[in-house]
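Respectively, the protein sequence lines represent chains A and B.
Residue numbering for the first sequence follows the numbering used here, beginning at 90 and increasing consecutively.
Residue numbering for the second sequence follows the numbering used here, beginning at 615 and increasing consecutively.
Read the hints as simulated data drawn from the structure, not as lab findings.
Derived PhoX-like pairs: lysine-lysine, alpha-carbon spacing no greater than 25 Å straight-line: (1) 873(B) <-> 703(B); (2) 228(A) <-> 273(A); (3) 238(A) <-> 930(B); (4) 109(A) <-> 930(B); (5) 930(B) <-> 149(A); (6) 930(B) <-> 236(A); (7) 744(B) <-> 859(B); (8) 930(B) <-> 168(A); (9) 630(B) <-> 238(A); (10) 229(A) <-> 217(A); (11) 802(B) <-> 732(B).
On the chain A side, residues computed to face chain B include the following (Cβ under 10 Å): (12) 170; (13) 175; (14) 186; (15) 196.
Okay, the calculated bits of chain B under chain A, using three or more residues with CB under 8 Å as the criterion: (16) 624 to 630; (17) 936 to 949.
Glycine residues also receive a C-beta, built at the ideal position from the N, C-alpha and C atoms.
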Amino acid sequence: MSSSNNTLEIKNLFFEWKEKKKFHLNLKAFSLKKRKRVLILGESGSGKSTLLNIISGIIKPCSGVININQTNITTLPPKKIDYFRASNIGVIFQQFNLLEYISPINNILLPCYFTGFKKKNYKFFHQKAFHLADKLGIKKNILTQNKSKELSVGQKQRIAIIRAIINTPKLILADEPTSALDNKNKIKFIELLFEVCEQEKTTLLMVSHDTSITKHFDDNYLLESINKSL
Amino acid sequence: MRVLTNLAVKSLLSRKVSVILTVVSLTLSISLYLTIDTLRLGAKKSFFGNVKTGDLILGSRSGEIQLLLYSLFQIGNPTNNISWDSYKKISKNTDIEWMVPISLGDSHKQFRVMGTSKAYFERYEYRNEKKLAFQNGNVFNDLFDVVIGSDVAKKLNYNLNDNIVIAHGISSQSLHDEFPFKVKGILKKTGTSVDRLVLVSLKALEVIHKDWKAGIKIPNAKKSNNNNYNDLEPKEITAAIIKIKSPIKIFQIQRQINKYEFEPLQAIIPGISLSKLWQIVSVTENIMLLISAMVIISSFIGMTAILYSTLNGRRKEMALLRIVGASPYTIFTLMITEALIIAISSIFISIFLIQFLALIFFPILDQNYGLYLENKFLSVKDLLFLLSVLFLSVIVSIFPSLKASKDSINEGI
Chain A
90 MSSSNNTLEI
100 KNLFFEWKEK
110 KKFHLNLKAF
120 SLKKRKRVLI
130 LGESGSGKST
140 LLNIISGIIK
150 PCSGVININQ
160 TNITTLPPKK
170 IDYFRASNIG
180 VIFQQFNLLE
190 YISPINNILL
200 PCYFTGFKKK
210 NYKFFHQKAF
220 HLADKLGIKK
230 NILTQNKSKE
240 LSVGQKQRIA
250 IIRAIINTPK
260 LILADEPTSA
270 LDNKNKIKFI
280 ELLFEVCEQE
290 KTTLLMVSHD
300 TSITKHFDDN
310 YLLESINKSL
Chain B
615 MRVLTNLAVK
625 SLLSRKVSVI
635 LTVVSLTLSI
645 SLYLTIDTLR
655 LGAKKSFFGN
665 VKTGDLILGS
675 RSGEIQLLLY
685 SLFQIGNPTN
695 NISWDSYKKI
705 SKNTDIEWMV
715 PISLGDSHKQ
725 FRVMGTSKAY
735 FERYEYRNEK
745 KLAFQNGNVF
755 NDLFDVVIGS
765 DVAKKLNYNL
775 NDNIVIAHGI
785 SSQSLHDEFP
795 FKVKGILKKT
805 GTSVDRLVLV
815 SLKALEVIHK
825 DWKAGIKIPN
835 AKKSNNNNYN
845 DLEPKEITAA
855 IIKIKSPIKI
865 FQIQRQINKY
875 EFEPLQAIIP
885 GISLSKLWQI
895 VSVTENIMLL
905 ISAMVIISSF
915 IGMTAILYST
925 LNGRRKEMAL
935 LRIVGASPYT
945 IFTLMITEAL
955 IIAISSIFIS
965 IFLIQFLALI
975 FFPILDQNYG
985 LYLENKFLSV
995 KDLLFLLSVL
1005 FLSVIVSIFP
1015 SLKASKDSIN
1025 EGI
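Using the sequences and the hints, build the whole thing.
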């Protein structure tokens, strides 16, 4: 039974790559309560990114159920999955969060374009982007500059946070967003991310190999221990 | 869709060098094809526009194409003349509507002099039943009057009543300087070989050659008395244009002339002879067209190669688009849109390029090579060709686009 208290529920998930049969993902049960911030730790190559790909519906699992906000995305037709992702899931990466040839503001609004600015209009999202940018210490003129190429790593990451949150998603997935940062900036980034999630009442699932950040999260899991290898 | 087009444009602009190179190669190949096609059809039209007068060309027996070339295009030299007696005899045939004699052999500067009758100006037709018209002056009336084609007037800067001297033979230094002619008429531009003709009456040719024999001035001959021009009936002419009353009789009269027993004569149907000539020319023409088609194909292969090679570098870009909600179909459409933008830009630049080239080179071709091309905007055929270029660009970009969308599913982020 899916609980309305869970943003994410994974049941009997099984996945293997067609080419590399040695690797498996096998999650019997995993759930994420609403508005929790959870970290999954794992070595490189343990399948962290693959798991995020599956949760975001980019890759289809071989079997199993993935409920996001009580919608089983494994049964959604392909077209609806992409729409669902744009409106319900925000993703932040370690690097390459932005299309460098378009402006930061357009990068932020990308998910809104793919959901057709649902419910609210363009102006609403535009204003929201500026509002969030202001909070995260990004000046207006930076947001509207022609290209995103010249931004610093820190600016790019903050803009990635705004993009992840702009469509008010239920779930934010973060794929090692801190690994390129030094200790001081790492903590700053996490705090910033938490603050935004708090404001927008969003659940956060981060994957990382960095054990030093575990103390900030509500829950920590080791991927090796939840992934019941065959 | 607007978002996609925007993304495609900006993505292309972020890869300027490879995109510009692709556009340049496509533009050049499209322009090459269109130019060759224009020249090919233009040349054909220009040549065939010359042979609208009359039904048969009468000349001495030689090559069919040779007769055609020297009589109507003034290319090459006549091998032999035909006698005026034969001309008169044939003209008595009741099936013949009219005949216009042509006499060639002399020149003025680099232009040919053609002796003919006044009827020539009424009878001559070119392209779509167009007739000769005068830009200035009128038909020759006096013995030493000449009418010149528009190129002659332009190139030599002649006006009405200017005096000109005719040289004996083609590119000869011996002048008929004792008989200066007066420009009495300048023809309007026709785009045919007439533009490069100096037209005089047959009688005038007879007069200036009176004291000549076998191409040499008889040394001690008295200068003919200018007022005594009796017996000016020509003895020989080079060729004649014949119009038959009823088209059914054309072949019959052609046969009669070819069997003419007093002199070796032949009659040709200019359109048919030119078609025969064109069959030889068209081999080269088709090879050129084939080469330009291959150039187009090779630039398409180049475009596909570039699309493929950029795929690897754009994996993350595609993955990012997928993450923010783009479907594999969107990725596919994005790639196709990019290819279309490249093709459309190339097509538009080509259109402008060939119009620009036409503006510059058509007059030059006309002036230097006598190739008169009508400058018209794209024909239906050209548009069909451009549409097929567009279609082809979609076809060839399907494969890299499919790969991009598949990769974005199979490989994740």
